[in-house]
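Residue strings, one per chain:
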Amino acid sequence: MLSKPKKIREIYFDHAATTYMDDTVLKAMLPYFSKNYGNPSSLYRKGREANGALNDVRRTIAQLIHALPENIIFTGGGTESDNLAIYGVARAHADKGKHIISIPIEHHAVLHPLDDLAKQGYDITYIKVDGKGLVDVKEVMRAIRPDTILITIMYANNEIGVIEPIAEIGRELLKYRKEHNTAYPFFHTDACQAAGYLDLDVEKLHVDLMTINGSKIYGPKGTGLLYLRRGVKIKPVILGGSQEKKHRAGTENVPGIMGLAKALELSQKNREKESARLTKLTEYLWKELEKKIPNIKLNGPEIGDKRLPNNLNVTFMDIEGEAMLLYLDEYGIMCSTGSACTAESLEPSHVLEALGLPYEYAHGSLRFSLGHCNSKEDVDYLMKYLPAIIVQLREMSPVHLEKTNIQHPKLK
Amino acid sequence: MPKKVIKKENLSGEVDIRAQGGGGWLYSDTVKDHFFNPRNFMHYGEEEKFKFNGMGRVGSPACGDEMVLWLNIDEKKEVIKECRWRTFGCGSAIASTSVLSEMITEKGGMKIEDALKIKPQDIMERLGGLPDRKVHCSVLGDKALQAAVNDYFRRTGQHSRVVTAGAKIIDKDLNITDKDIEEAVLEGAKTLEDLQKKLKIGIIDKASIPEIEQLLKFYQEKYYGV
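These protein sequence lines are chains A and B, in that order.
Residues 1 to 412 in the numbering used here are what the first sequence lists, from first letter to last.
Residues 1001 to 1226 in the numbering used here are what the second sequence lists, from first letter to last.
If you're looking for bench data, these hints aren't it; they were derived computationally from the structure.
Owing to the predicted nature of the structure, the values given are computational and were not obtained by experimental measurement.
This list has only true hints and no planted wrong ones.
Across the chosen pairs, the derived CB separations fall in these ranges: (1) B/1192 x A/180: 57 to 63 Å; (2) A/373 x B/1043: 34 to 40 Å; (3) A/136 x B/1045: 45 to 51 Å.
Even for Gly, the Cβ is constructed at its ideal location relative to N, Cα and C.
Looking at chain B on its own, in the form it has when it is part of the complex (with noise of 0.2 Å):
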């Protein structure tokens, strides 16, 4: 499979990389390579042997795209040794998920703060580009890959290394967001006692509950209408 590499300055701008000929493809042949022949994506009846320490889910179907991100990563050496990941949405969302699956565990792995510098940009290089109205698609892996590595830390006790960019953070101790709470209310929380259950919010910092709630309905409003 021939890797095209677009450089940055190029991707802003309209990318033609429709093959030409007869037979034209919005997608470059990279995307298309990593959309049929997806790498590392959790097959069927893997979920209970494959051993991970961090996961991270973002997005919803609601919108279009979502994405589920399983690490396994050696505490030691800090490193990604291996990953899994699902992912709901068009062809550019699961080449992206599938070629930041690549990325992050090639050569021996990829130390855990040089992959959360993986922005869009790199994936979609990689990709050899993808055209504009398509580049939301590509957004969830870091997302993603951000989401699983706060979840290794909170796993492991490192609570002040989560990072929570852009968000607001609603539990001082345990460094939780309202994005958090809002990936909570779509993996299914419905009650305050499922958040605890699941974040540990709330439990130290008591005076945050009435936010906590507070999100909840609107989580709960806006992606189920109760």
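Bound-form chain A, shown alone (with noise of 0.2 Å):
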């Protein structure tokens, strides 16, 4: 076994799994778990109490992403946004049309949605993205039918980082809609992981759809948004009484709608300082493991403008995932593979395979995803143990990729 260090420190590079919470956003929830535990639907002054504090947040997120406070619906998280986006969009439209636009390197909670719709006599559209991730504005537009009714594209994808042009999209998607004089497709962007990095602005991304998910940006899990633009029409997915203007029944999570609230202001308000900080430190973390371990592969955009400011996905040719995985555990050191051996799946990231890259690519990658917490100190004991946990997994592998040349299979 490798040398241990003689204390463990925990060093998260997981943030686009999920955040821990802000001090913050926990203090602006407390009150709303047992003193101020009104319905906001009850009339009397608790209700009116818990009612008027939700109108609040729900002006300020408005005003944060230049939106209405109406636009708001109010969620239990992006996994919920997304589906009620593409089945609340599907199900009220299909009378104009049963045709969807997206990409394949969406989350599942897009894509999930999708084949089931395609299972009921939808048909989908996914336009290819290129060898980083990226979808071609062209191509989309092209791909618009009299019978499109909904464009679903990632804002920034969770594994790669690779930043979609949404704001372009936006933008010829509204003059395709004067040239041909009509409300359709409509644009929904998922932006659960761009909300702590980019620009949020409604107008600016001409979008009339967006998902937002609390537990990204350091607020609490289980909860989210959806910004649904006025006129829109959408069908809810989960029944009951008449909360968020009938589109999403529940009585609210108070609390958690306070923390997202104050999880998304702080968010926005710190973004572009703390991009530029995860954006050097993310290039420090590259360069040191250009520096110090052989053949590996970034995968997805180049750091820059194209990419989130805190994603690095790497991978490290002969190796496998998961095996990397428990070494790193053992030094205390958090982060994720896109091998098929994880945890929850037994398939290979999909948007690794979408980018054309072989399996064995997808076997052996990591994502380190950079935080609030993560400092230089972080990616310097990193290094310290990483390369010598490469090099003995390396010895007890048989494969030597770079001998052979392996293409993906689909790509011919």
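The two chains are supplied separately, each in an independent frame; assemble them into the complex guided by the hints.
Structure follows, in structure tokens:
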């Protein structure tokens, strides 16, 4: 076994999975658990107070994304918002058409509803992304048909950090609708990963629906929102009471929403400074990796304006991701892998596959997603142990990919 | 290291081997031990020195697991004296190979016929169980062992003893199967000549050549897309 440090530090490099909650966020939530417990739908004072608090933060959030308070639908997280956007539009506009456009590197919260709709007779077109994960705006526009009701493309990808040209697609769509004198197709973007780092102004992005998740921006888990432009009809997915203008039934998660609002406020306030800091740190990590470990490959775009500031996805040739994770875990280092052998699934990353990379690349990939708590010391701690771990696993491996020239079977 | 042994009948169910308390881990202590302290793997620089008379390679990195096993078999006693391995795969794949290498060489070495009786379940039992979704990671071990022993049989001219369970025999004279061709392709065979060099296939049994060429094309497409 490799040598171990005297004191194992806890190093969190998995902010794209989830984030710890900011103390300020927690403080904003606390009064709403037991003191201000009222149901916002109740008429008496306790209820009115809760409703008032809800309206206040709805206004705050609306301002942050340049929307109106009535455009904000609070949900139970990013997955629910994506589901609501896709099912909501698909079901409310089926009489107009059943064609939807998306890209293959979306999160499963988008892909699985689309798969489900395909089984129900909807026609889904996936626009290919290039080797870095970028979609071509022209190709998106070319795919539009008279029966296209929805385009759903993520703002930034969770695995490889690629930032899609949402504002450009939005602008082209505006032109298209004007020329064709139509309201269709609607445009949805999943901004879960982007929220802490990119501009969320829906007027600049020209999106009709936008998903935001609390637990990726140092807010509480189980909170999220869907921005819905005025005039866009959706069918609710969860039925019951008439909360959220009948778009989402169920008593509002008041403490959660308070936390979500505070988290979004903080992350938007700090995003430029934090983005600059994390870009530098990610760059430093990549330089160190390149310097100390041979046969590695950066997946996704180069570090820069096409990539989230906090994301680094690297393939370590000839070895497998889960084995690396287990070793790193022994040193207190946490990150994730696109390998099939992770606990959740047996499929290798669909994102790396969509880039045209051979399966071997996915199996040997690690994703580092940095955040608030990370500093140069964390990177140095990682680099103290990672090179030796890679050497040890490579020594045990019978695979030497650089000697063969493997291509993805689908790339021909 | 405590050796937890789980009875076979429990293995099909959800084996909860998560340690209680803070240091929760998906794998048993035995798996951890073998993963972090692998036994008998082929170290760098050892390839030239290690004497072997049977070598088997199974799986492929595209599928997520690949394993190579080298055996040094005592030809008179038919006992596995020594072995080395290399594995590409997750924690359980590496631990499974390590524990298998221990099983077949401990106590003076296992007889070939006994070694061939080792089932994935035996490996798992010795590892103290594996989570359900990890079971597939441990099935390469006995396949690699069979492949290495088959190789030994071929090297020593005992073609009739080659066991090819579940595979289709292509070359009847040498007992070579489609699986052997698949492995040869994964090892880099690109042409019929490459295959013949590696396996001596289709040299006596000329009638099998069209089928061999078809399989070669199929596996080339499957793994390399050419």
